[in-house]
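Chains as they are written, first to last, in the working numbering: chain A, 1 to 372; chain B, 1 to 273.
Don't read these hints as lab results, they were simulated from the structure.
Do not take every clue at face value.
[Stated by the list, open to error] Here are the simulated distance ranges between beta carbons:
#	chain 1	residue 1	chain 2	residue 2	range
1	B	ARG134	A	GLY172	49 to 57 angstroms
2	B	LEU28	A	ALA282	21 to 29 angstroms
3	A	ARG235	B	ALA102	22 to 30 angstroms
4	B	ARG134	A	PRO252	52 to 60 angstroms
5	B	ALA160	A	HIS308	27 to 35 angstroms
6	A	HIS332	B	THR20	39 to 47 angstroms
7	B	GLN32	A	LEU50	28 to 36 angstroms
8	B	LEU28	A	LEU38	41 to 49 angstroms
9	A	THR91	B	LEU28	43 to 51 angstroms
10	B	VAL182	A	GLU333	37 to 45 angstroms
[Said to hold, decoys possible] Some chain A residues near chain B, calculated using beta-carbon distances under 10 angstroms:
#	residue
11	ARG62
12	SER64
13	VAL66
14	ARG97
15	SER99
16	LEU103
17	ALA104
18	ALA113
19	HIS135
20	ASN141
21	SER259
22	LEU262
23	SER280
24	GLY287
25	CYS299
26	GLY329
[Claimed, not checked] Chain B stretches covered by chain A per the calculated footprint, using a threshold of three residues with CB under 8 angstroms from any CB of chain A:
#	segment
27	147 to 153
28	186 to 199
The C-beta atom is built at its ideal place from N, Cα and C for all residues, glycine as well.
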Amino acid sequence: MIKEAGFLARADLQTLLDRLHDLGYRVIGPVVDDAAILYRDIDRVEQLPLGYTDDQAPGSYRLSQVDTPRCFAWADGPHALKPFLFAPRETMWQVARDSDGRLAFSAVDPRPAKALAVVGVRACDLAALALQDRHFLDHVNDPYYEARRAGLFLVAVHCAYPADTCFCASTGDGPRATTGCDLALHELDDGFIVEAASPRGHAVCDGLSLRAIDDDQRRAANDALSEAAHRQFRRLPSTDLHNGLLARLDHPRWEQVASRCLACGSCTSVCPTCFCHAESDAPSLDGNDSEHLREWDSCFSAGHAQLHGFQVRPEIRQRYRQWLTHKLGSWHEQYGRSGCVGCGRCITWCPVGIDITAEANAICADTIEEAP
Amino acid sequence: MNPYLPREAEIVSRHEESATTFSLGLRLTDGQPYRFAPGQFNMLYLYGCGEVPISIVGDDPVAGTLSHTIRAVGRVTQGLQQLAVGDRIGLRGPYGRGWPMAAAEGRNLIVVTGGLGCAPSVSIIHHVLDNRARYGHLSILQGVKHADDLIWREQYDAWAALPDVTVGLAADVASPGWHGHVGLVTALFDQVTLQPEQTLAMLCGPEIMMRAAAEQLHARGVAADDIYLSMERNMQCAVGHCGHCQHGGRFVCRDGPVFAWPEVRALLGVRGF
Chain A
1 MIKEAGFLAR ADLQTLLDRL HDLGYRVIGP VVDDAAILYR DIDRVEQLPL
51 GYTDDQAPGS YRLSQVDTPR CFAWADGPHA LKPFLFAPRE TMWQVARDSD
101 GRLAFSAVDP RPAKALAVVG VRACDLAALA LQDRHFLDHV NDPYYEARRA
151 GLFLVAVHCA YPADTCFCAS TGDGPRATTG CDLALHELDD GFIVEAASPR
201 GHAVCDGLSL RAIDDDQRRA ANDALSEAAH RQFRRLPSTD LHNGLLARLD
251 HPRWEQVASR CLACGSCTSV CPTCFCHAES DAPSLDGNDS EHLREWDSCF
301 SAGHAQLHGF QVRPEIRQRY RQWLTHKLGS WHEQYGRSGC VGCGRCITWC
351 PVGIDITAEA NAICADTIEE AP
Chain B
1 MNPYLPREAE IVSRHEESAT TFSLGLRLTD GQPYRFAPGQ FNMLYLYGCG
51 EVPISIVGDD PVAGTLSHTI RAVGRVTQGL QQLAVGDRIG LRGPYGRGWP
101 MAAAEGRNLI VVTGGLGCAP SVSIIHHVLD NRARYGHLSI LQGVKHADDL
151 IWREQYDAWA ALPDVTVGLA ADVASPGWHG HVGLVTALFD QVTLQPEQTL
201 AMLCGPEIMM RAAAEQLHAR GVAADDIYLS MERNMQCAVG HCGHCQHGGR
251 FVCRDGPVFA WPEVRALLGV RGF
């Protein structure tokens, strides 16, 4: 349950960062880097993207500066929470071979030196985190994910600045952060309405100088979120996409989208829920030991469905279809909901601007709404 | 417990089955007990190279050994082929859901396989023969592309000589001395006396063969729920995390590799899945 804790004046935002550092967290927040808003280590509020906003469209992302005192006047950049928990590349275990050929296996200790606190997380990424939790922790615990997840502290910022590519209102995952965080902030010009969502969040609030919230502030914050939901114009079909897509495996649209798709895997890299990863070995030059690694893989790669000389998905049409039918369809079977949280990253970061909502709508145009 | 960490295993025996197929007898060096169910698989690790999923053919509890039959078709399996008795590899497992051997008790079994000596089905046969009283009639129907592809020829002869066991062999292309059927393995259904209500079918091989076999057995009266099949996909983690083995909403490594036909029927043999 999220509960209002008080109003934090803009001038006091640094105290929140200080408090998190004092509690021993490695603090991560949004910064302008490489012409995008990325999550990096921060210790000063001056590092936040004050006055920056973004302009996103299919295949396009641009930052610009506007006259605002706000630090969170933007929609998500390419970084999600995913890389902090499910590492893009990591060593899983090592094996040493002695002169008699005996093998000694040892797992890498995945516990980070410091737990992470991430500031500025959006509702879509919280929803994605909940899905990744199910994938990596429900059946068999992934020790690497679990170790980084265990101490994670999340400061959400409700999203009042959706990009043109956002559609979280359509998936039901935003723009308001309702669950899965420790603190949630509404940003106003002069400061933040602070909400606490967990015992750890309440404890952090105890160290902040919070003032009473007045009704005008509350109204301004809520109005901004309503407007943020209404401003979104992209939507997924509101039909049963699991059965709808599987019933249309031969739709001509698959061929059409495949003629544009480069199978580059940008969409799966920026997707906050995609979980595929490939394992490989890196033996040392002297031959005495080897590291076993995993790194993000993509269902668009040629090797993804490779099977002893047989390729299950040789065509891009089949790979795009696999991605979409999984993301919007099979996830329901696996985890009880769609694998899409409406963040729109796959649309923005696709080099040819393929729009998942346009494709799903085109393929399912004649789907009949299922009775509830 | 780290689910990805292999255990060390020593190669204690090695047998050449054909030019490309070989069997390894393995013994875990940590001395810890190991149990598996027919139809499950292990991840075998070749030092410095990587892991591959290999189904477990059988074990020898007295000697504490496990046997795997491997076809050298990729980097890891071709590397494993070079190893000798005494060499060490990594092993983790067993993984996945195996054949429904408990549900099969008291029933007649028809085991239909295609391809080069389908190892997952051999574990069924071993289990049935080791627990003979618990199962009814056993029909073993094996199909190969070319007659020369058939391995374990003496083994089939030995099984055929046992009471209450029928063995049928089929090859698309025959060679001199071939006494089996020439054509598809599904044609052998005419040669067995099928009591559909009492029969449980277990299929293993190329999907197109399994789909045809399932449809034909069903048409002959075997209930869809009594038809099981073993699926094969790219598997790297073996615990449902890496995503490569997905078949629709199923993780073949964890939810399978053995499925009841209705679980996978919609996408079975559909190109691209």
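Hints broken by the structure, by number, lowest first? 3, 7, 9, 11, 12, 13, 15, 18, 21, 22, 27, 28
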